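J.: So the chains spell out like this:
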Amino acid sequence: ILNVEQSPQSLHVQEGDSTNFTCSFPSSNFYALHWYRWETAKSPEALFVMTLNGDEKKKGRISATLNTKEGYSYLYIKGSQPEDSATYLCALGRTTSGTYKYIFGTGTRLKVLA
Amino acid sequence: GAGVSQSPSNKVTEKGKDVELRCDPISGHTALYWYRQSLGQGLEFLIYFQGNSAPDKSGLPSDRFSAERTGGSVSTLTIQRTQQEDSAVYLCASSFLTWDYGYTFGSGTRLTVV
Numbered sequence: 186i187l188n189v190e191q192s193p194q195s196l197h198v199q200e201g202d203s204t205n206f207t208c209s210f211p212s213s214n215f216y217a218l219h220w221y222r223w224e225t226a227k228s229p230e231a232l233f234v235m236t237l238n239g240d241e242k243k244k245g246r247i248s249a250t251l252n253t254k255e256g257y258s259y260l261y262i263k264g265s266q267p268e269d270s271a272t273y274l275c276a277l278g279r280t281t282s283g284t285y286k287y288i289f290g291t292g293t294r295l296k297v298l299a
Numbered sequence: 151g152a153g154v155s156q157s158p159s160n161k162v163t164e165k166g167k168d169v170e171l172r173c174d175p176i177s178g179h180t181a182l183y184w185y186r187q188s189l190g191q192g193l194e195f196l197i198y199f200q201g202n203s204a205p206d207k208s209g210l211p212s213d214r215f216s217a218e219r220t221g222g223s224v225s226t227l228t229i230q231r232t233q234q235e236d237s238a239v240y241l242c243a244s245s246f247l248t249w250d251y252g253y254t255f256g257s258g259t260r261l262t263v264v
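Residue numbers (our numbering), protein chains in the order written: chain A, 186 to 299; chain B, 151 to 264.
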């Protein structure tokens with residue numbers, strides 16, 4: 186069973202602080218790693234698709250890196266804003282028993298305090 | 151519609167009653183997934199439909215859970231004889247079948263069993 190671990194489980198930061206959190210996994214046997222942002226009462230929103238070549242992805246103040254050798258991905262938020270408050274999910278896409286599906290971590294709940 | 155639509159958005163039911171949750175995916179998406187997130191847990195895979203193939207039911211937690219997808223479009227997740235541990239947010243997502251496309255999620259159904 187492949188477990189995707191995310192840490193920390195929850196995080197409170199002050200507005201303007203930069204922060205990062207981790208998605209770790211035991212195997213490089215996957216096709217892609219996805220980061221999602223899930224705001225309360227809304228749909229999870231796709232942030233990044235990370236492929237095995239390990240390129241950094243960037244979207245405004247948010248960026249992500251992937252280290253397949255060491256088995257982790259980092260999500261960074263620079264200059265956090267209250268609207269960044271959400272649960273951030275990572276998911277590994279892999280084929281299991283002929284079915285391609287994602288294995289999600291438990292998420293990191295971020296609260297940015299104004 | 152433009153997105154994945156789920157109904158109802160909230161459902162409170164008495165223990166032992168049956169419930170039906172509906173998902174209307176994005177037109178043209180061949181893959182449809184059901185997940186759930188219980189309090190404090192990660193997203194848990196339930197069932198996957200792809201075209202006319204037999205669904206992957208490997209994530210259904212018990213035989214009280216069933217799902218169908220009619221005409222390759224709308225899907226219904228049915229929970230019979232609900233239990234309190236069934237309380238969760240049930241998310242539906244649809245996708246094309248490319249590994250890098252990711253999912254488009256609905257906004258979920260929050261099920262509370264009292």
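Worth flagging that the hints you see were computed from the coordinates, not collected in a lab. Only a predicted model underlies this, so the values are computations on that prediction, with no experimental measurement involved. All residues carry an ideal CB built from backbone N, CA and C; glycine is no exception. Heads up, a few of these hints could be off.
Under the rule of at most 20 Å between Cα atoms (straight-line distance), these lysine to aspartate or glutamate pairs were calculated in the EDC-like manner [said to hold, decoys possible]:
hint: 1; chain 1: A; residue 1: K227; chain 2: B; residue 2: E194
hint: 2; chain 1: A; residue 1: K254; chain 2: A; residue 2: D269
hint: 3; chain 1: A; residue 1: K227; chain 2: B; residue 2: D174
hint: 4; chain 1: A; residue 1: K244; chain 2: A; residue 2: D202
hint: 5; chain 1: A; residue 1: K296; chain 2: A; residue 2: D269
hint: 6; chain 1: A; residue 1: K244; chain 2: A; residue 2: E200
Derived, one-sided and incomplete: chain B residues facing chain A with beta-carbon distance under 10 Å [said to hold, decoys possible]:
hint: 7; residue: P158
hint: 8; residue: S159
hint: 9; residue: T163
hint: 10; residue: G201
hint: 11; residue: F215
hint: 12; residue: G258
J.: Now tell me, hint by hint, if it's right for this structure.
T.: These are the hints, each one checked on the structure:
Straight-line distance between C-alpha atoms of K227 (chain A) and E194 (chain B) comes to about 18 Å, which keeps the hinted pair within the 20 Å bound. Note on K254 (chain A) and D269 (chain A): the hinted pairing is violated, with a Cα-Cα distance of about 29 Å set against a maximum of 20 Å. Restraint check: the Cα-Cα separation between K227 (chain A) and D174 (chain B) comes to about 16 Å, which is no more than 20 Å; the hinted pair holds. Annotation: proposed proximity of K244 (chain A) to D202 (chain A) holds, straight-line Cα distance about 17 Å (limit 20 Å).
Taking the CA atoms of K296 (chain A) and D269 (chain A), the gap is about 8 Å. The hint holds against a cut of 20 Å. The suggested pairing of K244 (chain A) with E200 (chain A) holds, with an alpha-carbon distance near 19 Å, which does not exceed 20 Å. Of the supplied interface hints, the one on P158 (chain B) is violated, with its beta-carbon coming no nearer than about 13 Å to a beta-carbon of chain A, more than 10 Å. Given hint, S159 (chain B) at the interface with chain A, holds; its Cβ is 8 Å from that chain's nearest Cβ, closer than 10 Å.
Annotation: T163 (chain B) was flagged as interfacial toward chain A, and the flag is violated, the nearest CB pair being 20 Å apart, outside 10 Å. Using the Cβ-Cβ criterion of 10 Å, the hint placing G201 (chain B) at the interface with chain A is not satisfied: the shortest such distance is roughly 12 Å. The beta carbon of F215 (chain B) comes no nearer than 17 Å to any beta carbon in chain A, farther than 10 Å, and the hint placing it at the interface is violated. A cut of 10 Å between beta carbons decides the hint on G258 (chain B): the least distance to chain A is about 7 Å, and the hint holds.
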